[in-house]
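> Chain by chain, the residues:
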Amino acid sequence: EAAVTQSPRNKVAVTGGKVTLSCNQTNNHNNMYWYRQDTGHGLRLIHYSYGAGSTEKGDIPDGYKASRPSQENFSLILELATPSQTSVYFCASGDGTGGGSDYTFGSGTRLLVI
Amino acid sequence: GQQVQQSPTSLVLQEGENAELQCNFSTSLNSMQWFYQRPGGSLVSVFYNPSGTKQSGRLTSTTVIKERRSSLHISSSQITDSGTYLCAMERGQGGRALIFGTGTTVSVSP
Chain H
94 EAAVTQSPRN KVAVTGGKVT LSCNQTNNHN NMYWYRQDTG HGLRLIHYSY
144 GAGSTEKGDI PDGYKASRPS QENFSLILEL ATPSQTSVYF CASGDGTGGG
194 SDYTFGSGTR LLVI
Chain G
832 GQQVQQSPTS LVLQEGENAE LQCNFSTSLN SMQWFYQRPG GSLVSVFYNP
882 SGTKQSGRLT STTVIKERRS SLHISSSQIT DSGTYLCAME RGQGGRALIF
932 GTGTTVSVSP
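Keeping their order, the protein sequence lines are chains H and G. Counted from 1, the first sequence has number 175 at position 82 by the numbering used here; the numbering is strictly sequential. Counted from 1, the second sequence has number 881 at position 50 by the numbering used here; the numbering is strictly sequential.
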């Protein structure tokens, strides 16, 4: 079954440390997305990608980098983690055709930065 | 500011009660969807409803484009309906990423 898998499920990081969140999809979707979810804000777009080698800034990209080395994999990188980046992060894939495109979300990664 | 406003923020229901969730958009509405999220879980699409009314079981969605709003009606609520409901619309550009509302948390008790 096609799916989006995120790892790790939970992560505790130290302020100033580097954190990498990984996402793998088996949908063969061109587009992939990273969102964070915080109380009172819903899901907000951090970075997205149109395909291997492509990364684009979303609405809140500051403090985050993204990497799309292949069609299947899309990583979110926090070079210098800060407590304000404590959140739940969701990865998603989409076929990019619009009009109700098929979106699949991962189960989320809970990140705590102390 | 927030482009997608949802109301109410939370809702407590007795099993069997009906509920109406609202979503209002500050920009032109495009490819509107409703998602369901279990506590601590992933999101699954429950409706793609760009305009008009659609029904699936006990759920009914109505989208009025020119009024920039969409609603989700839950009839005869069940305990398994508990969770968070988020509305979202597609961006016109930007990889067709979704712009989400803040969500309505529904809690159904016996």
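Hints listed in this document are in silico derivations from the structure and should not be mistaken for laboratory results. Everything numeric in this text was worked out from a predicted model, so none of it was measured. Check the hints yourself; a few may be wrong.
Chain G regions said to be covered by chain H (calculated; three or more residues, Cβ under 8 Å) [claimed, not checked]:
| no. | stretch |
| --- | --- |
| 1 | 846–858 |
| 2 | 881–891 |
The following label-pair restraints were derived from C-beta to C-beta distances [what the hints assert, rightly or not]:
| no. | chain 1 | residue 1 | chain 2 | residue 2 | range |
| --- | --- | --- | --- | --- | --- |
| 3 | H | S177 | G | G871 | 34 to 42 Å |
| 4 | G | G888 | H | G146 | 39 to 47 Å |
| 5 | H | R203 | G | T858 | 39 to 47 Å |
| 6 | H | T132 | G | S906 | 22 to 30 Å |
Ideal placement from N, C-alpha and C gives every residue a C-beta, glycine not left out.
> Each hint should be assessed against the structure and marked as holding or not.
A quick look at each hint next to the structure:
no.: 1; hint: 846–858; verdict: violated (count 0)
no.: 2; hint: 881–891; verdict: violated (count 1)
no.: 3; hint: S177(H) with G871(G): 34 to 42 Å; verdict: violated (21 Å)
no.: 4; hint: G888(G) with G146(H): 39 to 47 Å; verdict: holds (42 Å)
no.: 5; hint: R203(H) with T858(G): 39 to 47 Å; verdict: violated (31 Å)
no.: 6; hint: T132(H) with S906(G): 22 to 30 Å; verdict: holds (28 Å)
Violated hints, in rising order: 1, 2, 3, 5; the structure is consistent with all others.
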